[in-house]
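**Q** Listed below are the residues making up each chain.
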Amino acid sequence: MQFKKRRTVAAMCLGIPAMVVEVPEKQWAVIEVEGVRRKVGLHLVGEVAPGDYLMVHAGFAVEKLELAEAEARLAIWKELLDFERAEEA
Amino acid sequence: MLKRLNDPQLGREMIRKVRERAARLTERLGRAVTLMEVCGTHTMAVSGTGLRGLLSGLVELRSGPGCPVCVTPARDIEQIIAFARLSGVTVATFGDMVRVPGAQSSLERERAGGARVQIVYSPADALQLARDNPRWEVIFIGVGFETTAPLAAVSIKQAAELGLTNFSIYSVHKLVPPVMGALLGAGDLKVDGFILPGHVCAVTGSRAFAFIGEEYGIPAVVAGFTPVDILDALYVLLDLIQAGDHRVVNGYRWVVRDDGNLKAQRAITDCFYTGDAAWRGFGVVEGSGLFIRDQYAQYDATQKFAGAGPASVAGPGLATERVGKSTTTGGFGTGDFLEPRGCRCGELLRGLITPPDCALFGGKCTPASPAGPCMVSSEGACAAYYRYVTNQPRLPGVVNANSGAAGSGAGCRKVEL
Ligand code: SF4
Numbered sequence: 072m073q074f075k076k077r078r079t080v081a082a083m084c085l086g087i088p089a090m091v092v093e094v095p096e097k098q099w100a101v102i103e104v105e106g107v108r109r110k111v112g113l114h115l116v117g118e119v120a121p122g123d124y125l126m127v128h129a130g131f132a133v134e135k136l137e138l139a140e141a142e143a144r145l146a147i148w149k150e151l152l153d154f155e156r157a158e159e160a
Numbered sequence: 048m049l050k051r052l053n054d055p056q057l058g059r060e061m062i063r064k065v066r067e068r069a070a071r072l073t074e075r076l077g078r079a080v081t082l083m084e085v086c087g088t089h090t091m092a093v094s095g096t097g098l099r100g101l102l103s104g105l106v107e108l109r110s111g112p113g114c115p116v117c118v119t120p121a122r123d124i125e126q127i128i129a130f131a132r133l134s135g136v137t138v139a140t141f142g143d144m145v146r147v148p149g150a151q152s153s154l155e156r157e158r159a160g161g162a163r164v165q166i167v168y169s170p171a172d173a174l175q176l177a178r179d180n181p182r183w184e185v186i187f188i189g190v191g192f193e194t195t196a197p198l199a200a201v202s203i204k205q206a207a208e209l210g211l212t213n214f215s216i217y218s219v220h221k222l223v224p225p226v227m228g229a230l231l232g233a234g235d236l237k238v239d240g241f242i243l244p245g246h247v248c249a250v251t252g253s254r255a256f257a258f259i260g261e262e263y264g265i266p267a268v269v270a271g272f273t274p275v276d277i278l279d280a281l282y283v284l285l286d287l288i289q290a291g292d293h294r295v296v297n298g299y300r301w302v303v304r305d306d307g308n309l310k311a312q313r314a315i316t317d318c319f320y321t322g323d324a325a326w327r328g329f330g331v332v333e334g335s336g337l338f339i340r341d342q343y344a345q346y347d348a349t350q351k352f353a354g355a356g357p358a359s360v361a362g363p364g365l366a367t368e369r370v371g372k373s374t375t376t377g378g379f380g381t382g383d384f385l386e387p388r389g390c391r392c393g394e395l396l397r398g399l400i401t402p403p404d405c406a407l408f409g410g411k412c413t414p415a416s417p418a419g420p421c422m423v424s425s426e427g428a429c430a431a432y433y434r435y436v437t438n439q440p441r442l443p444g445v446v447n448a449n450s451g452a453a454g455s456g457a458g459c460r461k462v463e464l
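Protein chains in written order, with this note's numbering: chain D, 72 to 160; chain E, 48 to 464.
Only chain D is shown next, with the shape it has when bound in the complex:
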């Protein structure tokens, strides 16, 4: 299906977060995005392990993701919105 393919390709080039599923060679990892697997270069990020998340751009990992940072930010938003809801109630 054309659309599906486009979408996956877009995801691969535009830096969508991807999970490492396997590290078969030192410099290469297999990642999975939306059920599609692809080999990416690790030359710019150093060692990774299965389960790590990477920002992938045009076939290479450009950075490892610190999911805790995103969690923390989401928690702040949750607090803000909960506080507001409590005020309204």
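In short, the hints are calculated from the structure, not lab data. Ideal Cβ placement from N, Cα and C applies to all residues, glycine included. Check before you lean on any hint, since a few could be wrong.
[As the list claims (entries may be wrong)] Covered stretches of chain D, as calculated for chain E (at least 3 residues, CB under 8 Å):
#1 109-119
#2 123-133
#3 145-153
For chain D, the structure is supplied; the task is to place chain E with the ligand on it using the hints.
**A** Relative to the frame of chain D, chain E with the ligand by itself:
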């Protein structure tokens, strides 16, 4: 966790907060807040999520010079076409480059005429193409910013390790901080704040953009690309503006480090040196281009195929040549670039107009038949506007709706490309 960054429910609530904050600021300023989204991927995202429409009247979003295909000047396009015409050469490039119109032709037309033009998704794919086809000369068109340049650098190093002799790169890689300096130095851009490109900053670090706040007194926030990322960054940016705080804030900490990715920076400096480069719409910007070091000269298409310039502008070292007016002398001439007639991509890339201001928009220039690169590239502002704004008469209704909630949710879900 990653799903929550695309959560429509959260997006809806966030957009309400962003609108509240923007409304307060709009009231104080007596006009809409003007922000520039520097990056083409943000241009796509703010249009695709419907955010641009949902904030209209409160926040005016301008596109900037962050679409790599769009800022590649006409002259480089002619050079790339000239490469494709060489016998035995295969031009490997990202898809968007193929349709960018030159003065007489495009890679697409050359391909229809028999030239070998191959679309790749990574410089690694181009390298593989050269390995698999030792009798081809593969030229990879290295277009992109700090995010793409280290990938090309890795490929050059790999080619050297493998001793490949049929692979080269035409580097039109560009650096974002210098063009931001040129943009701000020109003095004709009026914006209240910048949304900085998350992926570029992943490499450069957020600190590379600190000068925007320090020298020009304009706040900026590094932003990611999911709806939640963007709304979060907008919220922070509006707060900075309200407070008169001119800092550059890293709003994408889960990907971007303040100092960036040192390995990637080293890869760039190992393979490239910085020099003056021409940008569409800007002319030559000092120190904004990346050119392959002599050490890797055999992988530099400019040197390897010296003399294969377009007929009108012969000679090697094309990209480094000083054409158009330098930004240091003020003004942005187009020099001897052959810009498409009537196309206003240049002003667009400098944040001076929005796509509908161009007389060709939607008429003589559409994605099916583009007059300029901004209508070709998926990251181009004209293409983004055309796809999402002109075809969505529902947007004004949504904007006027008091809650804005129903519409924003639908919009947010749409970002899954
Ligand atoms: S609408 Fe077309 S011609 Fe006008 S600025 Fe955009 S790309 Fe150029």
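**Q** A separate judgement is required for each hint: does it hold in the structure or not?
**A** Structure-based check of each hint:
By the rule of at least three residues with a Cβ nearer than 8 Å to a Cβ of chain E, the coverage given for the segment 109-119 of chain D holds, with 5 such residues. Closer than 8 Å: that is the beta-carbon criterion, and the segment 123-133 of chain D has 7 residues meeting it against chain E, so the requirement of 3 holds. Residues of the segment 145-153 of chain D lying with their CB closer than 8 Å to a CB of chain E number 4, which satisfies the three-residue condition for coverage.
Hint compliance for this structure: every hint is met.
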